[in-house]
Amino acid sequence: LTSNDWTVIAQYMGVLKPIMIASKRAEGSPKNGRNGMLWEVLPIYESLLEHLETKVNDHEADVDQTDSRAAYIDAFQHFKIDIRLGWQKLRLY
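At position 83 of the sequence shown the residue is numbered 83 (the UniProt record's numbering), and the sequence of numbers has no breaks.
Quick caveat, the hints were computed from the structure, so don't treat them as lab data.
As the structure is a computational prediction, the values presented were derived from the model and not from experiment.
Worth double-checking, as some hints may not be accurate.
[Said to hold, decoys possible] With a cut-off of at most 25 angstroms between alpha-carbon atoms, the simulated PhoX-like pairs for lysine-lysine come out as follows:
| hint | residue 1 | residue 2 |
| --- | --- | --- |
| 1 | Lys24 | Lys55 |
| 2 | Lys80 | Lys17 |
| 3 | Lys55 | Lys89 |
| 4 | Lys17 | Lys89 |
| 5 | Lys89 | Lys24 |
| 6 | Lys80 | Lys55 |
| 7 | Lys17 | Lys55 |
Using the sequences and the accompanying hints, generate a full structural model.
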């Protein structure tokens, strides 16, 4: 993998890690009497929407600027599209 590939992977990790943590938090913890109640899930849902919106906005400049590294920009185009698709999926719920 190239250094650009690792940069893109790191960007995906930055998006996906909070989603993983939120998913685990939403599962609840039966041992502690927390079973992922709706009042616990809704704030998590809202924070995920905000997280994805922020990531899309953060990367607008990365993709829109002219760059000689076509593959790098192409990867960020896909990255931005993937984030938007995730955001749209969350909005369905």
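Holds or violated: lysine 89 and lysine 24, Cα atoms, limit 25 angstroms. Satisfied, since the Cα-Cα distance of roughly 19 angstroms is no more than 25 angstroms.
With the threshold set at 25 angstroms, check whether the alpha-carbon distance from lysine 80 to lysine 17 stays at or below it. holds (16 angstroms)
25 angstroms limit on alpha-carbon distance, applied to hinted pair lysine 55 and lysine 89: Status holds; Cα separation ~15 angstroms.
Sort out whether lysine 55 lies within 25 angstroms of lysine 17, counting only the CA atoms. holds (13 angstroms)
Checking one constraint from the list: CA of lysine 24 to CA of lysine 55, max 25 angstroms. Satisfied? holds (21 angstroms)
Taking only the CA atoms, is the gap from lysine 80 to lysine 55 under or equal to 25 angstroms? holds (8 angstroms)
Regarding the pair lysine 17 and lysine 89, is the alpha-carbon distance no greater than 25 angstroms? This hinted pair holds, its Cα atoms lying about 17 angstroms apart.
The structure fails none of the hints (numbered hints given earlier).
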